[in-house]
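Participant: Model the placement of chain L on the given structure of chain V, informed by the hints.
Quick mapping for you: the protein sequence lines, in order, are chains V and L.
All residue numbers for the first sequence refer to this note's numbering, where the first residue is 1 and numbers rise by one.
All residue numbers for the second sequence refer to this note's numbering, where the first residue is 1 and numbers rise by one.
Derived by calculation from the structure, the hints in this document are not laboratory data.
No incorrect hints appear here.
Derived lysine-lysine pairs resembling BS3-like cross-links, with alpha carbons at most 25 Å apart: (1) K153(L) to K681(V); (2) K738(V) to K615(V); (3) K681(V) to K432(V); (4) K670(V) to K732(V); (5) K270(V) to K59(V); (6) K615(V) to K670(V); (7) K670(V) to K131(L); (8) K25(V) to K88(L); (9) K131(L) to K681(V); (10) K432(V) to K615(V); (11) K397(V) to K300(V); (12) K615(V) to K131(L); (13) K300(V) to K732(V); (14) K434(V) to K681(V); (15) K88(L) to K153(L).
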Amino acid sequence: MVAYQVIGTPAPRFEGAEKVTGRAKYAADYTLPGTVWGKTLHSPHAHARIVRIDTSAAKRVPGVHAVITGEDTRDGGLWGRGVKDAPVLAYGRVRYIGERVAAVAADDEDIAQQALDLIEVEYEAWPAVMDPFEALQPGAPILHPDFNSYFGFKYKQETPSNIHLQTRLDRGDVEHGFAEADLIVENTYVTQRQSQGYLEPHALLVHIDPADGRVHVWHCNKVPHNTRGALAVAAGIPEERIVFHPTFIGGDFGGKGNSRITPIAYYLAKASGRPVRMISDYLEEFLAGNPRHHVIIRLKSGVRRDGTITAHQVNYTVNTGAYAAFKPFGGIGGANQAAGPYRIPNCRIESTFVYTNLLPGGFVRAPGEPQGVWAIESHIDEIARRLGMDPAAFRLKNLITEGDEAPWGEQFEHIRAVETLQAALDASGYDKPKPAHSGRGVAVGERGTGGGEGTAEIRLNPDGSVVLATPIFDQGTGTYTTLAQVVGEELGIEPRRIRLQVWDTDVIPSDAGLAGSHGTLIQTSAAREAAQALKQELIRLAARQLEWPEEAIGFSAGELRRADTGEAVPWADLLKRTGQSVSGRGHVVAPRSHTTAFVAQVAEVSVDPETGEVKLLNFTTAHDAGTVVNPIGFQGQINGGVMLGIGYALMEEITIEDGRVTTLSFGDYKLPTPRDIPPLKTVVLPSSEGDGPYHIRGIGEAPCTPVAPAIANAVEDAIGVRIRELPITAEKVYAALKQRGRATEPAAQPAARGGAQ
Amino acid sequence: MEAISPYRIRLTVNGEPREASVPARRTLVDLLRYDLGLTGTKEACSVGVCGACTVLLDGRLVASCITLAVQVDGARVTTIEGVAEGEKLHPLQQAFIDHGGFQCGICTPGQIVAAKALLDSNPHPSEDEIKDWMMGNLCRCTGYYQIVESIAKAAAGG
Numbered sequence: 001m002v003a004y005q006v007i008g009t010p011a012p013r014f015e016g017a018e019k020v021t022g023r024a025k026y027a028a029d030y031t032l033p034g035t036v037w038g039k040t041l042h043s044p045h046a047h048a049r050i051v052r053i054d055t056s057a058a059k060r061v062p063g064v065h066a067v068i069t070g071e072d073t074r075d076g077g078l079w080g081r082g083v084k085d086a087p088v089l090a091y092g093r094v095r096y097i098g099e100r101v102a103a104v105a106a107d108d109e110d111i112a113q114q115a116l117d118l119i120e121v122e123y124e125a126w127p128a129v130m131d132p133f134e135a136l137q138p139g140a141p142i143l144h145p146d147f148n149s150y151f152g153f154k155y156k157q158e159t160p161s162n163i164h165l166q167t168r169l170d171r172g173d174v175e176h177g178f179a180e181a182d183l184i185v186e187n188t189y190v191t192q193r194q195s196q197g198y199l200e201p202h203a204l205l206v207h208i209d210p211a212d213g214r215v216h217v218w219h220c221n222k223v224p225h226n227t228r229g230a231l232a233v234a235a236g237i238p239e240e241r242i243v244f245h246p247t248f249i250g251g252d253f254g255g256k257g258n259s260r261i262t263p264i265a266y267y268l269a270k271a272s273g274r275p276v277r278m279i280s281d282y283l284e285e286f287l288a289g290n291p292r293h294h295v296i297i298r299l300k301s302g303v304r305r306d307g308t309i310t311a312h313q314v315n316y317t318v319n320t321g322a323y324a325a326f327k328p329f330g331g332i333g334g335a336n337q338a339a340g341p342y343r344i345p346n347c348r349i350e351s352t353f354v355y356t357n358l359l360p361g362g363f364v365r366a367p368g369e370p371q372g373v374w375a376i377e378s379h380i381d382e383i384a385r386r387l388g389m390d391p392a393a394f395r396l397k398n399l400i401t402e403g404d405e406a407p408w409g410e411q412f413e414h415i416r417a418v419e420t421l422q423a424a425l426d427a428s429g430y431d432k433p434k435p436a437h438s439g440r441g442v443a444v445g446e447r448g449t450g451g452g453e454g455t456a457e458i459r460l461n462p463d464g465s466v467v468l469a470t471p472i473f474d475q476g477t478g479t480y481t482t483l484a485q486v487v488g489e490e491l492g493i494e495p496r497r498i499r500l501q502v503w504d505t506d507v508i509p510s511d512a513g514l515a516g517s518h519g520t521l522i523q524t525s526a527a528r529e530a531a532q533a534l535k536q537e538l539i540r541l542a543a544r545q546l547e548w549p550e551e552a553i554g555f556s557a558g559e560l561r562r563a564d565t566g567e568a569v570p571w572a573d574l575l576k577r578t579g580q581s582v583s584g585r586g587h588v589v590a591p592r593s594h595t596t597a598f599v600a601q602v603a604e605v606s607v608d609p610e611t612g613e614v615k616l617l618n619f620t621t622a623h624d625a626g627t628v629v630n631p632i633g634f635q636g637q638i639n640g641g642v643m644l645g646i647g648y649a650l651m652e653e654i655t656i657e658d659g660r661v662t663t664l665s666f667g668d669y670k671l672p673t674p675r676d677i678p679p680l681k682t683v684v685l686p687s688s689e690g691d692g693p694y695h696i697r698g699i700g701e702a703p704c705t706p707v708a709p710a711i712a713n714a715v716e717d718a719i720g721v722r723i724r725e726l727p728i729t730a731e732k733v734y735a736a737l738k739q740r741g742r743a744t745e746p747a748a749q750p751a752a753r754g755g756a757q
Numbered sequence: 001m002e003a004i005s006p007y008r009i010r011l012t013v014n015g016e017p018r019e020a021s022v023p024a025r026r027t028l029v030d031l032l033r034y035d036l037g038l039t040g041t042k043e044a045c046s047v048g049v050c051g052a053c054t055v056l057l058d059g060r061l062v063a064s065c066i067t068l069a070v071q072v073d074g075a076r077v078t079t080i081e082g083v084a085e086g087e088k089l090h091p092l093q094q095a096f097i098d099h100g101g102f103q104c105g106i107c108t109p110g111q112i113v114a115a116k117a118l119l120d121s122n123p124h125p126s127e128d129e130i131k132d133w134m135m136g137n138l139c140r141c142t143g144y145y146q147i148v149e150s151i152a153k154a155a156a157g158g
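Chain V with its partners taken away, still in its complex shape (with noise of 0.2 Å):
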């Protein structure tokens, strides 16, 4: 291990006097002179035409200085992240209740109200569908007959279908690793929808400069040079005429790369000509947010006696809902890691993405796979639990080891699985005796460091102040505190004498912002590539000011020194002396990383027999990590990531009936509180094996994935019954223990249980 001086040391948030005296300013909290809000109308209907919208009556409120429908936003573009399928408000069709097909810009949010109540929309209701195994079959109603004219879709309808991406995968001869099997065990795992939940919802001001036609924006966003370009698409503007401004971000779990009322804000700013304000509220972050996608996960996995897997297939069908626009490249992960990190010869991978009448699917922090983690850890304890072996057991025969394949094709560098189960098992005290009714629960998990782009600039001034530069708009995840870290531990300054300047979209031409693990590596990479060169400038500078041989000069702790007599200058007594600052920038373009980090979960549970409640009673997380460069932010990852997986297992539930979403506000959609959080040890395997100059591997997404299926394997632990459709409500449970009951009654039929449901 690498000995650091600041990596690896805890540090208190870089901006955190901000955060707890409320002078920390979001989207929300903008404002500028004649501001008015903007407000939008939702369709009642999953599927219709929209005969005819009449909205004399709403533009004659007093106060009302827009009204907007499809007719007025259909000569830009479409609207989407990467693919775009999404029209910036509904225009000849509506394809799902909650889709927005008008909005007012009015004084007030009253007033707006008052317009959008006054709107007349005809509709001609049209036959909608809203499974997706009956939106293939032949004569379901067609959501998008134009979909091969759609820019960004590498899919291709031959004929018109509801298909916007499939995918097959074969690795060996999974049919003849079937005929060797001893056993042939399928299942079918089934997820439910998950709202990110964040606590800001969707805000934005957007003002078009009339003097100049630049169209400003304030909006909560993670990836704002990639959301600039979506506008100028669907505004059909250039996109250097479009400049987002930094803001704080309440919380992105995904959801804060793509926002519908983007693009309506700037129509409803272009035709009222003053600036607008636009607040989802959250019952609208509900009825027409981007949730996690529903997913069915059919698994078929042959094997030998001896717990050797022979063959694997996985059928994964994602119900996209009506736009694939929320999915940068219209598909999640999720399909190859339904086949799980073990050591299987013989592998097909299935996906199928359809579009059904909906609200559309987006993305959740790991983007696809805690549903696929979800199916796989589950269907592994049962597969063992037929067998007749210990599930962690099964597990460590067959996760994969140094030189495997994963069984869709990767080849991952210094693979950690196996240890990082064992040391789960070691510190949850796995075989340690339980009392009746409860049970514990293994799953693992693993996840790649994501590649992207970063930039990262360190001025140091004569006045002695030190300036750091960044594109990134935080999110919460601490990359500002990251990024000090780094000034710190290569040029010695501490966090106190830097300023932070963020930069606008405008400063540099491109950025990844923060998506997919990514910002630690890619921002500690760009900022000690930005300390490296500004190290150069200032050896220039000295060699020049000083008339000192260039070559003898090192740079440390703050201060240049000659290496031949021993001479130093503090940096700010250089500068003072010139005059001048001296700045260094780095610029990186990191790939995706070869090592993957695994996680290793398990948890303990005891579950009610009378009543099917699940009491999470202890909860135990381990992860394969590069270096940790700082432990706070790094726990609390780890934290907020098992609850989220928590709430994803137990409680958290986007329901619908007839394509209407019901649970529409945090009342009736439950996140975990402080009372729902169990006992949480926490194991940390840190390496030298990672990515970039401090060999970092990602830890935002892994966290959450296998809490699930460890919980749904130590209920059937506990209580012998089988969850296989998240979240794991007691009501769920009781139905099991009830319909057990009936089957282990003489006269009753054999009940269904285990093969696929």
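Facilitator: The following block gives chain L in isolation, referenced to the frame of chain V:
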């Protein structure tokens, strides 16, 4: 909107007398944020369950998103802007910074105001008491562990 003359209200916010004219349906959170410019108080769920908009009304916790502005006529309101003494942070604020008590920070004003009300009435709460008291303040980032730790550390004197 029907023409109803606005109500004139007077209140004390963070020790300072303030006045505003508000329609009857104005919420306290909107009064604070948009009429008085105190944007430290955040609105998230709008139905009184998440705690992001927590303020103290005559020392008691309220959800300002479901409190009407006209109800606070004559009252003392404390918001996050009134927790620090000038530049000197309240021990809770310092503890939240030092112990990872927030990440994105959007729920933090509400968390700190709620925790202040706890310590004002119970200076040395147990972990269970902290968890029970903080049930009304949701956080998606931290999993609460470091919030509970921050409050316990502040109660113990840092």
